[in-house]
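A.B. asks: The whole structure should be built from the sequences, with the hints applied where relevant.
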Amino acid sequence: METATRTLTLGAIETSLGRLLVGATEQGVAYLSFKDTPGTRARAAKRAGLPVVDDPGRTAEALAGLADYFAGKSLTFEVPIDWRLTSDVQRRVLTTLYERVPYGKVVTYGELDRLSGLDVGAQAIGQVMGGNPIPVIVPCHRVVAANGLGGYSGGSGVEVKRWLLTLEGSVPATLDWDPDRGPAAP
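Each residue of the sequence shown is one higher than the last, beginning at 11 in my numbering.
The hints are simulated quantities; they were obtained by calculation from the structure and are not laboratory data. Computed from a predicted model, the values in this text were never measured in an experiment. Glycine included, every Cβ here is placed at the ideal spot set by N, Cα and C. One thing to keep in mind: the hints can contain errors.
[Unchecked claim] Here are the simulated DSS-like cross-link-like pairs (lysine-lysine), alpha carbons at most 30 Å apart as the crow flies: (1) K45 x K56; (2) K115 x K83; (3) K45 x K115; (4) K83 x K45.
[What the hints assert, rightly or not] Per label pair, the in silico range of CB-to-CB distance: (5) P112 x G161: 20 to 26 Å; (6) E121 x R29: 18 to 24 Å; (7) A81 x L128: 32 to 38 Å; (8) T47 x V130: 29 to 35 Å; (9) A74 x G161: 25 to 31 Å.
C.D. replies: See below:
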């Protein structure tokens with residue numbers, strides 16, 4: 011018998027992109043934000059519709075996975091996911107992304123549409139990516155436009171997407187430019 015999901019616990023971690031906030035229910039990770047502020051915490055609880063409890067063990071695996079990911083030590087997240095903040099269509103697309111697009115690979119919006127078997131079109135897939143409640147862990151940054159990076163609503167936008175894809179080796183690093191010395195040697 012499945013345990014009823016009745017509470018949300020929040021945990022945070024310092025990363026290269028700032029302090030990330032993770033929310034988990036008894037079922038799994040349900041939420042990730044690129045900001046950890048009192049307002050973000052309140053919005054997470056309101057969005058989940060659950061009371062917040064202090065249960066650090068529930069977020070420990072996700073936070074450890076994020077630490078390893080940002081340190082370049084882990085290529086996958088293998089944490090339980092609670093899809094409660096997604097619609098049926100979002101769940102299908104995001105589950106396909108989570109299960110079939112590995113670290114270091116990218117897929118276009120149109121390819122993800124085909125992989126998901128939905129035939130809703132690239133623009134609708136882009137909207138699903140923009141509404142992903144668990145970025146980084148459910149890697150919407152790996153979904154790109156047919157002619158470039160496309161958009162990204164996480165963190166400070168497309169530069170965060172570029173940074174994550176560079177970390178994963180999917181796109182080449184930009185020039186490391188020092189104003190006094192010029193470009194750094196590779």
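A.B. asks: Now tell me if each hint is right for this structure.
C.D. replies: Here's how the hints hold up against the structure:
{"no.": "1", "hint": "K45 x K56", "result": "holds, 16 Å"}
{"no.": "2", "hint": "K115 x K83", "result": "holds, 17 Å"}
{"no.": "3", "hint": "K45 x K115", "result": "holds, 26 Å"}
{"no.": "4", "hint": "K83 x K45", "result": "holds, 23 Å"}
{"no.": "5", "hint": "P112 x G161: 20 to 26 Å", "result": "holds, 22 Å"}
{"no.": "6", "hint": "E121 x R29: 18 to 24 Å", "result": "violated, 33 Å"}
{"no.": "7", "hint": "A81 x L128: 32 to 38 Å", "result": "holds, 35 Å"}
{"no.": "8", "hint": "T47 x V130: 29 to 35 Å", "result": "holds, 34 Å"}
{"no.": "9", "hint": "A74 x G161: 25 to 31 Å", "result": "holds, 30 Å"}
In this structure, the one hint that does not hold is number 6.
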